[in-house]
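S.K.: Now for the letters of each chain:
Protein chains: 2
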Amino acid sequence: MAIRSFAKNSYRSILKWGDPHHFEEPKKRLIKYLKKNMGVTEEDFKNPHLPGLDKVKLDKLPALPESDISALKGIVGQGNVDTSDYERVKHSLGFTYLDIVKLRLEKVEPLVDVVVYPRNEDDVIAVVKFCNERKIALIPFGGRSSVTRGLEPIKGGISLDLTRHMNQVKKVNEINCSVTVEPGIIGPAYEDYLNNYKTPLSPGGYTNGHFPQSFEYSTVGGWVVTRGAGGLSTGYGKIEDMVLGLRFVTPQGLIVTKDFPRAATGPDLRHLVMGSEGTLGVLTEVTLKIWKFQPENRVYFSFLFKDWEECVISMREIMQGGFGFPHMFRISDPEETSIAFVTEGISDTPIDKGLKMLGYKDGKRCLMLGSIEGDKDAGHLIKKKAKAIAKKHGAISFFGSIAVKAWYKHRYNDPYLREELMDIKVMTDTLETACTWEDIPRLWAGVKKVVKARPSSICMVHASHCYENGANLYFIFISRMKPDDMIDDFEKYHTSIINAIEQFGGGLSHPHGIGRMMAPWYEEYMGETSMNLLRAIKAYLDPNNIMNPGGTLGLDFTGERRKAFSAK
Amino acid sequence: MAIRSFAKNSYRSILKWGDPHHFEEPKKRLIKYLKKNMGVTEEDFKNPHLPGLDKVKLDKLPALPESDISALKGIVGQGNVDTSDYERVKHSLGFTYLDIVKLRLEKVEPLVDVVVYPRNEDDVIAVVKFCNERKIALIPFGGRSSVTRGLEPIKGGISLDLTRHMNQVKKVNEINCSVTVEPGIIGPAYEDYLNNYKTPLSPGGYTNGHFPQSFEYSTVGGWVVTRGAGGLSTGYGKIEDMVLGLRFVTPQGLIVTKDFPRAATGPDLRHLVMGSEGTLGVLTEVTLKIWKFQPENRVYFSFLFKDWEECVISMREIMQGGFGFPHMFRISDPEETSIAFVTEGISDTPIDKGLKMLGYKDGKRCLMLGSIEGDKDAGHLIKKKAKAIAKKHGAISFFGSIAVKAWYKHRYNDPYLREELMDIKVMTDTLETACTWEDIPRLWAGVKKVVKARPSSICMVHASHCYENGANLYFIFISRMKPDDMIDDFEKYHTSIINAIEQFGGGLSHPHGIGRMMAPWYEEYMGETSMNLLRAIKAYLDPNNIMNPGGTLGLDFTGERRKAFSAK
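One line per chain: the protein sequences are G and E, in this order.
The first sequence runs 0 to 567 under numbering that gives the first Met the number 0.
The second sequence runs 0 to 567 under numbering that gives the first Met the number 0.
It is worth saying that the hints were derived from the structure and are not from the lab.
Just so you know, these numbers come straight off a predicted model, no measurement behind them.
Hints may be right or wrong, so weigh each one.
Once the Cα atoms are required to be at most 30 Å apart in a straight line, the calculated DSS-like pairs of lysine-lysine come out as [claimed, not checked]:
(1) G:Lys383 x E:Lys390
(2) G:Lys391 x E:Lys375
(3) G:Lys197 x E:Lys390
(4) E:Lys424 x E:Lys35
(5) G:Lys291 x E:Lys390
(6) G:Lys537 x E:Lys35
(7) G:Lys382 x E:Lys375
(8) G:Lys383 x E:Lys375
(9) G:Lys291 x G:Lys360
(10) E:Lys128 x G:Lys537
(11) E:Lys26 x E:Lys375
(12) G:Lys390 x E:Lys391
(13) E:Lys383 x G:Lys382
(14) E:Lys384 x G:Lys375
(15) G:Lys363 x G:Lys391
(16) E:Lys383 x G:Lys390
(17) G:Lys291 x E:Lys375
(18) G:Lys375 x E:Lys383
(19) E:Lys134 x G:Lys386
(20) E:Lys382 x G:Lys375
(21) G:Lys383 x E:Lys382
(22) G:Lys404 x E:Lys384
(23) E:Lys128 x G:Lys197
(24) G:Lys291 x E:Lys386
(25) G:Lys386 x E:Lys197
(26) G:Lys197 x E:Lys383
(27) E:Lys382 x G:Lys390
(28) G:Lys382 x E:Lys391
(29) E:Lys537 x G:Lys128
(30) G:Lys383 x E:Lys383
(31) E:Lys35 x G:Lys197
(32) G:Lys291 x E:Lys197
Computed footprint of chain E on chain G; a stretch qualifies when at least three of its residues, placed anywhere within it, have a C-beta under 8 Å from a C-beta of chain E [stated by the list, open to error]:
(33) 156-162
(34) 400-412
The beta-carbon is built from N, C-alpha and C at its ideal position, and this holds for glycine as well.
Next up, chain G with everything else stripped away, as it sits in the complex (with noise of 0.2 Å):
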């Protein structure tokens, strides 16, 4: 009995991820999988497990006084200051797995005590200004979709939600190739208006190439502020590599930077905006990158390998060939893999069989998609010298162009998913790292040991950014749920792999940031001098601590309040 309803103002409209209406529901292969692997039953449909039906109900009035709230709307306006139970709730959290447990356990908590929609850049100083004054918290709130704890109101506040006014793209520069926005506007508002730019340099429209899978709920200043990475960026870049200019308010005031595409005027201040994650001051414009929008120029590459290792090395050699890069390029490992011809199908089917004799055994092989955009001959050209590299490690071509144009025509579905096997007590979560080409393989063994140490436990491991020095590695695991132990369960079965990861020489995040999460290994994986410099960075720019406060980087742990803050 999936929910397929539920009231406009409950804790599931909260949780349930993208558009009230799209639901995906697992598929039979998979469902029969949970059932046999991991005791899913029956009944488990018939009862969803702690669905969150429930009407929004708050017990506490906003601890912000009154006259505070005042002020607030002399700022921007009376009907951009909200203090519903409703607002402060879903502006309490994201999308993080215990922010879900939250919702389901219908106590959210800590919560904002105001929401606040800026309508301008003006607006935003002058909240800034006066939550400096007042040394009131401020976190800075865009698309809702940190899986990094990165909105938990540690010490409640203000929510500046930059979605409601300042969403707008300012211009499109056609000689420069690029566009100025504002931070607020959605993937999907952001994406269209570009593709019909349509003018006689660019017929086609412009694209913006940044597609991570929260694209089409995720905001263009979300992306930014935490580094993000999307599925086209081995080709276009992480946003890091697109941002040309900024501007930025801090309690010290506003900062702006140039768009030239490089210079050699000192230390580069828009990485201290990126990555910063609401700790030190609002963004509140971005010039960015564009390319011309040709999606019928894309070509599409499929591989099947009979082993891991190969895999990974001809990713590596095609990174490194010196002919240019696919723009989307995945790698599974043989577990995902496995799975994907599960539910797609295709185990124990004639090719099924056709392909083990061949020696692409279950267990064992490994697919590898691609994509190439921007020139026709250019994406021709490199898939060309890809397929010769995947031959020579005994690759043969699988499926042509049908599993990536799948892969683009489902790319934003999967976090959809998460709530249906939650539903059924199955907790799915993923974590992501970034690492050297020469560290994959035993950092790849060691944390999927670790994983799958607890017992049923599935673990699809995939890389789907890589450059010529390394790669990512985004582990998906999935594992029947506690019900009366969701959240120590989860903390300790989700430590112990991040502990790997940090054993095993990944990085902390290759995607989208630290948060809360991730802050209390963020200390020793920086070493002691850059903390301290981030710290001193953090004190000049915000010396009430007003932004973002409370472990975000953990630039405000101290002592044990650092210790308490994680099961580590």
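Add chain E to chain G, keeping to what the hints say.
M.R.: Just chain E, lined up with the frame of chain G:
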């Protein structure tokens, strides 16, 4: 009577660029041009102007007490501390125009007190600690190729020369395609090491990809801390695109960053080190990208355009074409093209006449040169695409690969010409700016007008580094010196050009930093909040202002001091 020999310990030996036995005679046609247009006479050749042939001799002892010098000897060893007049002078300046004038006048001030050659990172840590405790200025020293007054020891102190010992390649990692190297290694030693690192994975060895004009006499550390650009940066990236990880000793401790190519782990502190120009600490190790060395794969192209506008548009369209980038890619403006035709002996030949008849007129026509390295097929494809764009904008192929091969061969030679020209009282210097594509036409015209406002001056301009969203403009100006007013006259002229760059929207530096030379413009360029943030970072990492103090990046300017620093 060109100077072809001089004493080893003379001022001349310091002011002369590069190899003491390599001389670049101005081409006969250039001399003819200078005689005709700048009043250069045979007399000028007979009596070289202030040749600096005397031996270096100071009348000042080091200001540091003997106890400090002993303490330094205790740290790095007796033989690694030098207080000789010659080394003190040599370590007190670089190759800024005004540095050369000082050497010709044989009056070098200010001076460092002592030169220290650390043997390893531990030595650097100990020296930094000592200087911090004793509040002694410390200036990291590499190849001495600064053209921004980056080494001027305003507060005396110690020159920390990293070239004697800290000049080793520590590790080549072929899997990661990276190299870990000490900062004091000079370009050719570094590149030769990589070229000769031949293994089954790369039978032709590797290349470092970074080739500034100063390559033969500059260091890897200098490239990093000044955010350097090289002749092949369009393809391989600027140094900030190559740095993976680094180790950096500051008075507050050691900063170590990880060598993941991308991550989302907060602000990226590598971007504070890059561009710090000695003001925050001492780089002791850096891990950089490398590429397979395959010079046999190079593809060359060379086109002639009817005018500058079409040439710029073509360069932009090639960079925005989505088919990859050339590695070397440059366009020369009409004046630079015209002088190239003269000096290469093409002017007034039948070829020249034919070109003119076809509409490629002197004073209008512009050269475009390019090369692609790496994969040969990709190279040919990029060339084909570039050619199609160039043809569309009225260009013709021109001399095939000859001009580009000549560029490769002579790419490091131009700096040798400056001393020869100054000997005949001809001033030559360069200024380079970053800009967006949109601003190139007015920036080019506006700055050029200011340069040419000086009677009988030459202003050759090229764009030699470009990006999807902009390029550099490199202004070479040649004019007659005022022998009796060398400094003020130069400074006024120079200042007027920088003011014009600022006025017409150019960046203060594209290739190699701010130093003390551009510092008077820097605060206005960065904006108040950014500048205060940089000063806060400086105050934290270097609380006693020992690191390259006295105006670099304008960090320790205050009030009148700043004004007095420049004629602006």
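S.K.: Give a verdict on every hint.
M.R.: Here is how each hint holds up against the structure:
no.: 1; hint: G:Lys383 x E:Lys390; in the structure: holds (28 Å)
no.: 2; hint: G:Lys391 x E:Lys375; in the structure: holds (19 Å)
no.: 3; hint: G:Lys197 x E:Lys390; in the structure: holds (25 Å)
no.: 4; hint: E:Lys424 x E:Lys35; in the structure: holds (15 Å)
no.: 5; hint: G:Lys291 x E:Lys390; in the structure: holds (21 Å)
no.: 6; hint: G:Lys537 x E:Lys35; in the structure: violated (61 Å)
no.: 7; hint: G:Lys382 x E:Lys375; in the structure: holds (15 Å)
no.: 8; hint: G:Lys383 x E:Lys375; in the structure: holds (13 Å)
no.: 9; hint: G:Lys291 x G:Lys360; in the structure: violated (41 Å)
no.: 10; hint: E:Lys128 x G:Lys537; in the structure: holds (25 Å)
no.: 11; hint: E:Lys26 x E:Lys375; in the structure: violated (35 Å)
no.: 12; hint: G:Lys390 x E:Lys391; in the structure: violated (39 Å)
no.: 13; hint: E:Lys383 x G:Lys382; in the structure: holds (18 Å)
no.: 14; hint: E:Lys384 x G:Lys375; in the structure: holds (11 Å)
no.: 15; hint: G:Lys363 x G:Lys391; in the structure: holds (18 Å)
no.: 16; hint: E:Lys383 x G:Lys390; in the structure: holds (28 Å)
no.: 17; hint: G:Lys291 x E:Lys375; in the structure: holds (26 Å)
no.: 18; hint: G:Lys375 x E:Lys383; in the structure: holds (13 Å)
no.: 19; hint: E:Lys134 x G:Lys386; in the structure: violated (61 Å)
no.: 20; hint: E:Lys382 x G:Lys375; in the structure: holds (15 Å)
no.: 21; hint: G:Lys383 x E:Lys382; in the structure: holds (18 Å)
no.: 22; hint: G:Lys404 x E:Lys384; in the structure: holds (28 Å)
no.: 23; hint: E:Lys128 x G:Lys197; in the structure: violated (60 Å)
no.: 24; hint: G:Lys291 x E:Lys386; in the structure: holds (20 Å)
no.: 25; hint: G:Lys386 x E:Lys197; in the structure: holds (26 Å)
no.: 26; hint: G:Lys197 x E:Lys383; in the structure: holds (27 Å)
no.: 27; hint: E:Lys382 x G:Lys390; in the structure: holds (28 Å)
no.: 28; hint: G:Lys382 x E:Lys391; in the structure: holds (28 Å)
no.: 29; hint: E:Lys537 x G:Lys128; in the structure: holds (25 Å)
no.: 30; hint: G:Lys383 x E:Lys383; in the structure: holds (18 Å)
no.: 31; hint: E:Lys35 x G:Lys197; in the structure: violated (53 Å)
no.: 32; hint: G:Lys291 x E:Lys197; in the structure: violated (40 Å)
no.: 33; hint: 156-162; in the structure: violated (count 0)
no.: 34; hint: 400-412; in the structure: violated (count 0)
Hint compliance for this structure: hints 6, 9, 11, 12, 19, 23, 31, 32, 33 and 34 are broken, all remaining hints hold.
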